[in-house]
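Protein chains in written order, with the working numbering: chain G, 1 to 512; chain X, 10001 to 11006.
Any given hint could be a false lead.
As the list claims (entries may be wrong) - Computed cross-link-like contacts, DSS-like style, restricted to lysine-lysine with a CA-CA straight-line distance of at most 27 angstroms: (1) K10132(X) - K10726(X); (2) K10862(X) - K370(G); (3) K10662(X) - K261(G); (4) K10132(X) - K11005(X); (5) K263(G) - K10662(X); (6) K10162(X) - K10399(X); (7) K351(G) - K321(G); (8) K10374(X) - K10162(X); (9) K10200(X) - K10162(X); (10) K10342(X) - K10200(X); (11) K10452(X) - K26(G); (12) K10726(X) - K178(G); (13) K10662(X) - K10114(X); (14) K10114(X) - K10096(X); (15) K10357(X) - K10452(X); (16) K10132(X) - K265(G); (17) K10096(X) - K10726(X).
Don't read these hints as lab results, they were simulated from the structure.
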Amino acid sequence: MKIFNKYGFSIGITALLLLVLPACEKNLDEPALNRTFNEEIDYSISDNMVLPLIGVYADFYSRGWETIPLIAVRGDDVNAGGLGDQQPFDATDHYVYDQAYWMYNSLWQLNFNDIYTGKTAIQQIELYREAGASDALADQYIAEVNTLNGFLLFHLSRVWGDMLIPETADPSDLLVAKLSTKQEVMQYISDQMDAAIPHLPTVHPADRTDVPGGVNRYTALAIKAMAEQELGNYQAVADATSEIINSGVYQLEPDFYELFKLKGKLNRENLLELQYSDYGQGSGDANFHLYAFYGPQNWEPAVEGIGGGWGFFEPSLKFIKFMLDRGETVRLETSVLFTDRGIAEIQQDPKYADLPDFVSNTTRDGDVIKDYARALFASGKHYLPSNQITPGRTGYGNNKNYTCIRYAEILLMHAEAILQGASSSAISADQAVNLVRARAGMPNITGATLDDVVNEKFAELATEWGVRYYDLIRWQRYDELSYDGRTFTTDKIYLPYPQAQVDQLPILGDNP
Amino acid sequence: MKLFTKLFLIPLCLLGWGAAQAQETTYTGVVTEEGGEPLIGVNILNMRDASGTITDFDGNFELRANVGDTIMVSYTGYQPVTYVLGATTSLEFELKESAELLEEVVVVGYGSQKSKDLTSSIATIRSEEIEKTPSGQPMQALQGKVAGMQIVSAGSPGDAPKVRIRGVGSYPGSDNEAPLFVVDGMFFDNIDFLNNNDIKSISVLKDASAAAIYGVRAANGVVLVETKSGNYDAPAQITYDGYYGVQRAQNVLKMANAEQFTTMALESGSEADISFIQNAMQRYGRSRINPNVPDVNTDWYDVILRDAPIMNHSINVSGGGTKAAYSVGTSYFMQEGILDMKNEFERFNLRSKVDFKATDWFTIGGNAIISNGKRYLPDNSAWFRAYYAVPIMPVYDEKNTDATPLQLSNAQDLGYRGGQNPLVATEFNQDEQKIRKLLGNFYVQFNLLPDKLTFKSSYNSSYTTINQRNLDFPYFIGNAFQQENSVIQKIDESYLNQIWDNILTYDDSYGNHNLTVMLGSSYRDEAYDQLELRALNFPTDQEAAWFIDQAETLDTDRGNVGDDGRRYYGISYFGRIAYNFDNRYLIYGTYRADGSNKYQEKWGYFPTVGVGWVLSEESFFDIPGVNYLKFRASWGELGNDRIQASDGATTTSVVTTSLDDKQYSGTETSNTFSALRWEVVEETNVGLTSEFARSRLSLEADYYIRNTKNAAIFVPIPVIGQTVLKNVGEIRNSGFELSLNWRNSTSFGLDYSIGGNFATLKNEVVDLYGQEYINGGTAEFRQRSIVGEPLLAFYGWEVAGVYQNQAEIDADPIAVANGLEPGDLRYVDQNGDGVSDDEDRVVLGSYLPSFMFGANLGMSFKGFDLSVNVYGQSGNKILNRRRGEVIFTNDTNMDADLAINRWHGQGTSNTYPSSKGIRKGWNQRLSDFWVDDGAFWRIQNVQLAYNIQGEKVFGPGAPDLRVSFTADRPLSVFDYVGFTAEIPDGVDRQTYPIPAVYTVGLNVKF
């Protein structure tokens, strides 16, 4: 009996073993949890086709704080903001380049990353199209992605010159890609914009209801114009800008000062901007750009408790004197935050002993800019008055949008193209320049010359996206860049490729 | 003494103490070895009352004892003899040499083997050794004790040390390279929940042959942990074991003081830096000693460090009857951290194990461990902040009247970009973890054929919950140095892991043939769930209200609310054959088939074979002095499924953004995905095990080659700065391990042992499947895995010196081309092309030590015993990432070594750049200036103890006492400029310092 029990037991358990375990083997096919596998997405829900597009905008808006300053710092309009912290940033401003500096790599990676996010989004949109979504809408969304990608690639090529063109959605394909010349890249961007333009909406970004603030046909035209301008195809610039002007979609914001404050959000003047928001709430969800980088290191805000900045990105003395010489008012006031130390520095030159009232360490909104060692001035276009910050928020510049392309730049590009020999189908160079000047409270001029446009662009677009630096490069006015102890030479036009990228893509090392 | 006795009398009476004293007789005797030579210093122990004596120079002894007492005659290297005293008072003992160690039973996977039958490399550490180390982490006690096992200490209370067995066979990060821990049959990633007193033994299965039975989990070695169990037919033994001690930071990093810092700033060439010094002098006054220095000199490490207590109390009861054996224990461990904030760890453990022989053919048993821990985590950024906070700023600043709740100083008031004050890390946040673990194990075992065929089915389960509560308290120190809202974050994680094993074992002998066959199956289910919430503005002043419910606003931002889960299944079939012929020829083999749902490829197969030849058992073997000699060789394949599960397809995640001040959701799709399979480790091991000089000297040596194929490596995706894990490499670890132990007794009663072990390690990338190298690290601090070089070697420029004067600059085209000045580093132009660029970079070293050694000394004399352990390593490099931070923020403080040794004029230094230079990109390139030697040696543990045999001193029934003094890691010696040279991955940014621990301990045994 006992023996039977024994074997009965063991046979029973062995049988159980043999039966239960194979039954469990189906568990080996269980997929990973907490993943949405693309193959499981129901692409037949056409309304969801907008989701990958919004994802692309989300990525486009989340720019690293260092990327735009690095694009812009080398011009004679703006300085890095002294030694101390981030010395290679200052060295870059002085045309001493360090290819291992983290900011170079960061700009490169962030722009490329967003380009590839866009490329995969296009694949997703195509899947929705195949599953029955509107053809026209799919074309529009894809065109929007390509417009943003054009903008990102444009800046990469302006900073580094020869560039890799991401043709496919797989970054690994770049391992075998060849390097395209800057001309090829600009031509590629222009072609991409041509392909996108017919599919894009024509209403002002602020009037778009599906993706408020998204790009439109004129954004693509503007990017095309910028690329053609780099190529020196001024007729193409004039054609593109004419179309924008003739559309009547854009107007200059009458109040130049407020254009760079909350009033600038989705302003009629803007063709492309990075959108941020705190949704009017003092706490909770928010998307912000890190403006502290541009802010004064020491200040007494009119609204107590609002944080100051890091003191980088200082408008140059050269720019300030240039503006004073021209008798500029609101544009100078808007572009520069003055410290007492900075004002004293200006006044050291007896020529500027007498300064207009707005040259003060107190802004018109009552924020007092105190002295700090790093710099004499702070950027005014990246400043949001403390009284415009939503109560409850304390970060410098919180809730402020970041303008990328605005109508004033289009007008001045248009004027320049005409003066470079192109013909306009919209307005004359004088008209274009005077529109910009009138808004700034400057008298009209007649018979505008190329020099006039050069100076107007300096006054109007200083500290914005390096427009000034790349203009001087394009015009080969290199002498202007040798200022305040800097010496510019033509071998310094482009930044060296980031070390991390050269390590990975030897083709970049072959073309130093 | 009287008071002492009295104190013990009370509890002892309760336990029923008081046996009658019987009449004593005097016995005399002589002890000899086989062949008649007298043995000197042999222990004669009366088992009844633990009294005893030792033999003299002629092997004679005299002992007073009662008739009927049992005595034990024991001598190192000989088999002990027990004898019941009778009427004969003149005794003679002849001791036989033993191969005692070799008779030991060693735990192997799903069974056990005699040490002498092993063909593989297994090291076993027993409870006495583990209990000597005052640590909340049992593995810490093994540091330096097992050749080939690297333990990297963790200083933070509750943190498990990093364990590496025979190098790194898997790409570091996400703990892929950790060994498997098996606690009484259950799989764990570490054993941080166990108390040192819970453990009976820890066996380290080092080579493939030993570990392969664990198949897909075994690639990084296996650590088997046996908790304490009772013995059948043994009286109850109650043991109290405890210690109390204090921890003190060692090798505290010396920072530049105010004067040195001021000098550095003045030499920096940066107006801003100089002005900050001026600001500090205006704000805090000038030093009376040197009026050009601010009157503040804060040593921030001194501010954030403290001495911290540590203690442990444990009680264990074990015993058994004819049918049942039991072991029950409880322990309480408490440790505060040396970081001066709410930083501590306490753990309460309960454990019980019962085995019951239900009938003569089946046994059932169960084992439960409950571990209840609570941790307050350090804010490790404090270490880093203390490094860079300037010394010219006080801790508190009376002038900063707006600051609340503490008047902390703000470096922004001096002009610096950041507020710097490290106390924001230690004062305004608190991270609490409640770690509860329940380990249960139940088995039933059938003896199908008595002593031959057994079947064992066991179910193991471990349930872990980790409830984390992270709090940020509001503070205001300056407009740009404030935390406006208080934040409460809760993260609840739970793990339920289950293993069901079924094992059939057949054990038999026919003449000289000895055979063991084991067949088994195992089913594994691992489930993980996590939920995370965050809210703003909770009532900070009432701890009882620290709940999400009490907070003003729920923070529903994506990324702050989370929900995650994983579920892995595994099914395995395995078997083992161990055969020996006449104890001379050994053959061993295992095979395991593993199925898993982690990867797209479901099944993996892992075989191993081993052979052994016991030369000393051969009839022709006759070398005097050699007691035992065995040669071993083994080969096996192992798997590693610690690498993350692969998605196998692209995935989509949700993102949000604002469009026209409204929130919109969108999706983002990954553009690459992982398609992984398990890594396969192939290992060959040859070794020998031997004993000499009457088994007093033992020597074990091993050489191994371990290749990891399909190594999963993070491959950078071009241009976008992301990586994807791919099976693209082959990594080889090889090394030689040797351990040597000598133990002996002397005629005057001194027993001693001396041991040493060392291991070499060569880590090498053998193949990257066509690529020459794969980048690791970051762009600024490049590490690179190059074929033929160690994994993730530091990769940069080699420093040739420092430009001393303008003439040297002018003479060097590289210096001219890069606009260098005296005080800048000169790099070796490796390719001699007259240009210093990325082509001139070379391998600067590996973070893995190439040589590790341990040594121990043990002595006992009368009631005293002393043990000393030493541990050291060399051949590894450390990236001084703290210094390297100057790349990102270069107006902060630096260590005194740098400040003192900086170049500041011709001839002042040929290795350190100038103060100005260190802020320049040129000198910030990753060069061997930033990569330091990580060699160190350390006195690991010193313990002095005095043992009191209770019955002898206090009379029958009194407990045995042991009082001990321990200094753990009291002295570390290294050149590296940092708190510790033990840096897990070689990159030292904010490593928690390793404190020295001094304790007093008491052990009471009833």
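Verification of the supplied hints:
1. Restraint check for K10132(X) and K10726(X): the C-alpha separation of about 43 angstroms exceeds 27 angstroms, so the hint is violated.
2. Among the hinted pairs, K10862(X) with K370(G) is inconsistent with the structure: their alpha-carbon atoms are about 77 angstroms apart, more than 27 angstroms.
3. Between the alpha carbons of K10662(X) and K261(G) the distance comes to roughly 18 angstroms, so the proposed pair stays at or under 27 angstroms and holds.
4. For the hint linking K10132(X) to K11005(X), the alpha-carbon distance of about 16 angstroms falls within 27 angstroms, and the restraint holds.
5. As the CA atoms of K263(G) and K10662(X) are separated by approximately 16 angstroms, the hinted pair is consistent with the 27 angstroms bound.
6. For the proposed pair K10162(X) and K10399(X), the alpha carbon gap of about 46 angstroms is over 27 angstroms, so the pair is violated.
7. The suggested pairing of K351(G) with K321(G) holds, with an alpha-carbon distance near 10 angstroms, which does not exceed 27 angstroms.
8. Restraint check for K10374(X) and K10162(X): satisfied, since their Cα atoms lie roughly 21 angstroms apart, inside the 27 angstroms limit.
9. Taking the CA atoms of K10200(X) and K10162(X), the gap is about 21 angstroms. The hint holds against a cut of 27 angstroms.
10. At roughly 33 angstroms between alpha-carbon atoms, K10342(X) and K10200(X) are farther apart than 27 angstroms, so this suggested pair is violated.
11. With a C-alpha separation of about 35 angstroms, the suggested pair K10452(X) and K26(G) falls outside the 27 angstroms cut-off, and the hint is violated.
12. Annotation: proposed proximity of K10726(X) to K178(G) holds, straight-line Cα distance about 25 angstroms (limit 27 angstroms).
13. The straight-line distance between the Cα atoms of K10662(X) and K10114(X) is roughly 72 angstroms, outside the 27 angstroms bound, and the hint therefore fails.
14. Taken as a hint, the K10114(X) and K10096(X) pair is honoured in the structure, with Cα atoms around 20 angstroms apart against an allowance of 27 angstroms.
15. For a cut-off of 27 angstroms, the pair hint linking K10357(X) to K10452(X) stands: about 17 angstroms separates their Cα positions.
16. With a C-alpha separation of about 68 angstroms, the suggested pair K10132(X) and K265(G) falls outside the 27 angstroms cut-off, and the hint is violated.
17. With a CA separation close to 59 angstroms, the supplied pair K10096(X) and K10726(X) exceeds the 27 angstroms bound.
Checked against the numbered hints given earlier, the structure breaks hints 1, 2, 6, 10, 11, 13, 16 and 17 and satisfies all the rest.
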